[in-house]
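What follows is the residue order along each chain.
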Amino acid sequence: MTGPAVGTTKHEHPIEAVPLRHPGRWVAVAVLAVLAAMLVHTVLTNEGFRWDVVGRYLFSTPILNGLANTLLLTVLSMVIGVVGGIGLAVMRLSPNPVLTGAAAVYIWLFRGTPLIAQLLFWNYLSALYPRLGLGIPFGPVFVSADVNSLITPFAACLLGLGLNEAAYMAEIVRGGLQSVDRGQSEAAGALGLSRVQALRRVVLPQAMRVIIPPTGNETISMLKTTSLVVVIGYFELLTSAQRIYSTNFQTIPLLIVAAAWYLALTSVLSVGQGFIERKYGRGFDPTPSAGARMFFLRRNPEQAA
Amino acid sequence: MTEPMVEALDIYKSFGSVEVLRGINLTVMPGEVACVIGPSGSGKSTFLRCVNHLETIDAGRMRVEGDLIGYRESGGKLYELRESEVAHQRRDIGMVFQRFNLFPHMTAAENVMEAPRTVRRESKTKARERAVALLERVGLVEKCDSYPAQLSGGQQQRVAIARALAMEPKLMLFDEPTSALDPELVGEVLDVMRGLARDGMTMIVVTHEMGFAREVGDTLVFMDEGRIVEAGNPRDVLTNPREERTKAFLSKVL
Chain A
1 MTGPAVGTTK HEHPIEAVPL RHPGRWVAVA VLAVLAAMLV HTVLTNEGFR
51 WDVVGRYLFS TPILNGLANT LLLTVLSMVI GVVGGIGLAV MRLSPNPVLT
101 GAAAVYIWLF RGTPLIAQLL FWNYLSALYP RLGLGIPFGP VFVSADVNSL
151 ITPFAACLLG LGLNEAAYMA EIVRGGLQSV DRGQSEAAGA LGLSRVQALR
201 RVVLPQAMRV IIPPTGNETI SMLKTTSLVV VIGYFELLTS AQRIYSTNFQ
251 TIPLLIVAAA WYLALTSVLS VGQGFIERKY GRGFDPTPSA GARMFFLRRN
301 PEQAA
Chain B
1 MTEPMVEALD IYKSFGSVEV LRGINLTVMP GEVACVIGPS GSGKSTFLRC
51 VNHLETIDAG RMRVEGDLIG YRESGGKLYE LRESEVAHQR RDIGMVFQRF
101 NLFPHMTAAE NVMEAPRTVR RESKTKARER AVALLERVGL VEKCDSYPAQ
151 LSGGQQQRVA IARALAMEPK LMLFDEPTSA LDPELVGEVL DVMRGLARDG
201 MTMIVVTHEM GFAREVGDTL VFMDEGRIVE AGNPRDVLTN PREERTKAFL
251 SKVL
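Keeping their order, the protein sequence lines are chains A and B. Going letter by letter, the first sequence gives residues 1 to 305 in my numbering. Going letter by letter, the second sequence gives residues 1 to 254 in my numbering.
Think of the hints as simulated: they come from the structure by calculation, not from any bench. Treat the hints with care, as some may be off.
[What the hints assert, rightly or not] In silico DMTMM-like cross-links for lysine to aspartate or glutamate, where the CA-CA straight-line distance does not exceed 25 Å: (1) B:124 / B:145; (2) B:170 / A:47; (3) B:170 / B:225; (4) B:77 / B:110; (5) B:124 / A:186; (6) A:279 / A:146; (7) B:77 / B:3; (8) A:279 / B:145; (9) B:170 / B:32; (10) A:279 / B:92; (11) B:170 / B:67; (12) B:126 / B:182.
[Unchecked claim] Computed footprint of chain B on chain A; a stretch qualifies when at least three of its residues, placed anywhere within it, have a C-beta under 8 Å from a C-beta of chain B: (13) 177-187; (14) 192-206; (15) 274-284.
[As the list claims (entries may be wrong)] Sample of chain A residues with no beta-carbon within 12 Å of chain B, all distances over it, derived: (16) 55; (17) 78; (18) 120; (19) 214; (20) 217; (21) 270.
For glycine and all other residues, C-beta sits at the position ideal for the given N, C-alpha and C.
Please model the complete structure; the sequences and the hints are all you need to start from.
Below you can see the structure in the form of structure tokens.
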């Protein structure tokens, strides 16, 4: 089944040419090597970095508490964003003009106003609506609660980040769904699958290939956007670092501590994204075994050498 | 008298201001193979898509085994069927597309298993067993675990036929099944279709394969500009066309 392996067959007229020289590349490599050496040197020798302080605070309780909040806010906001985004995207693509319009207005409103303003709005909702109740519209109210106790700062963060994210995710999911050929849902329909079954079994799994890379972007972006919750007095990783350096004035070392954690989390997310991409790349990647390699090594392996 | 498998009565269909079907009348009996030919834009594919309600019709009545497709008639009024009822009607009608439309994220066997598993809630073992048998019938049993991208066009179309057969349809619709294939791959797909016809499957085949129509077809239908110009025994229509337009068309394609 396999043909003769490349390189083992004897050809009559082999190509044994002198390889093309690339002097420009060598110059670039030399320049970059010098710059890298300078960077390493200054990072190690400049006292201002205070690596001892970085080491002392990297795993300190306030930083780890902030980190936990960053993670919690990111995960929950993205869950709200993805679920809401799928719902909005399906609404936008529905044949019902009322649903399409409602989704369009939502996206227009939440993408068109600053996230900080939205966070503040949810936090000060009690100024507009002191009490929130459940009942018949324009009729009696059965249960009601004080908005101040209902919408804690944490809830306001989730509402602000999650509902804003849903608007962006809606457009990403819509793009993914529209990238799947119409023949796919027709074939599913002709087999007797309902529209929901066709969406779940046939269209969505294929749309995921297109949806996942920008969703990875959104998640990484959300990781850092959570630091905006400082405007409503909540705290996370960056706020924790700021609180510490505002008392001990070790600004740079504590910013390095926060940056190191952000980088670590982003790296973990990138690897996770690689795994999910491979799962949904099923049937599209002509050489599945190549997927076993780390995703960032996969591009142009011959150039990596 | 046996009931017709398909009964199209005065079917009209427009896309915007373009009238694509202008009064199609066609009856296909059980076990019959009807081949539909005609120039592009004549409405033959649209007609086929009306049979399983992939396109809604503007006027006329489409019946499969006596049941109105897409609607319910009661008290002289028509009621649109619910989506689940349309899906139910489609289970008995298999369809094969010009561009195969296999599900690229599933293997050949998973493609064939999809409808039995999702629609009929068959067990995985049973569905797999039948999928393997169906792929054997189209000569692809060794390709069970290949993805569509790893198959040639002819192989993909044969998997698509097996997928349509998985729901045990009473009627098969073929929408130019060989038009997207390289010439040397056409034969293997036509062979499978020939086998189906021999086994007594009722088929409506939109095609450009005159040889297949002559050999396998019981009826040949020539369509032009949304109307059936001529229909009859394939040999008669192909060798002694009555209508001028049929003659003109055949002189170009034969």
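Verification of the hints:
no. : hint          : result
1   : B:124 / B:145 : 15 Å, holds
2   : B:170 / A:47  : 83 Å, violated
3   : B:170 / B:225 : 29 Å, violated
4   : B:77 / B:110  : 42 Å, violated
5   : B:124 / A:186 : 24 Å, holds
6   : A:279 / A:146 : 46 Å, violated
7   : B:77 / B:3    : 23 Å, holds
8   : A:279 / B:145 : 16 Å, holds
9   : B:170 / B:32  : 11 Å, holds
10  : A:279 / B:92  : 34 Å, violated
11  : B:170 / B:67  : 13 Å, holds
12  : B:126 / B:182 : 35 Å, violated
13  : 177-187       : holds (count 5)
14  : 192-206       : holds (count 9)
15  : 274-284       : holds (count 4)
16  : 55            : 48 Å, holds
17  : 78            : 24 Å, holds
18  : 120           : 44 Å, holds
19  : 214           : 19 Å, holds
20  : 217           : 23 Å, holds
21  : 270           : 23 Å, holds
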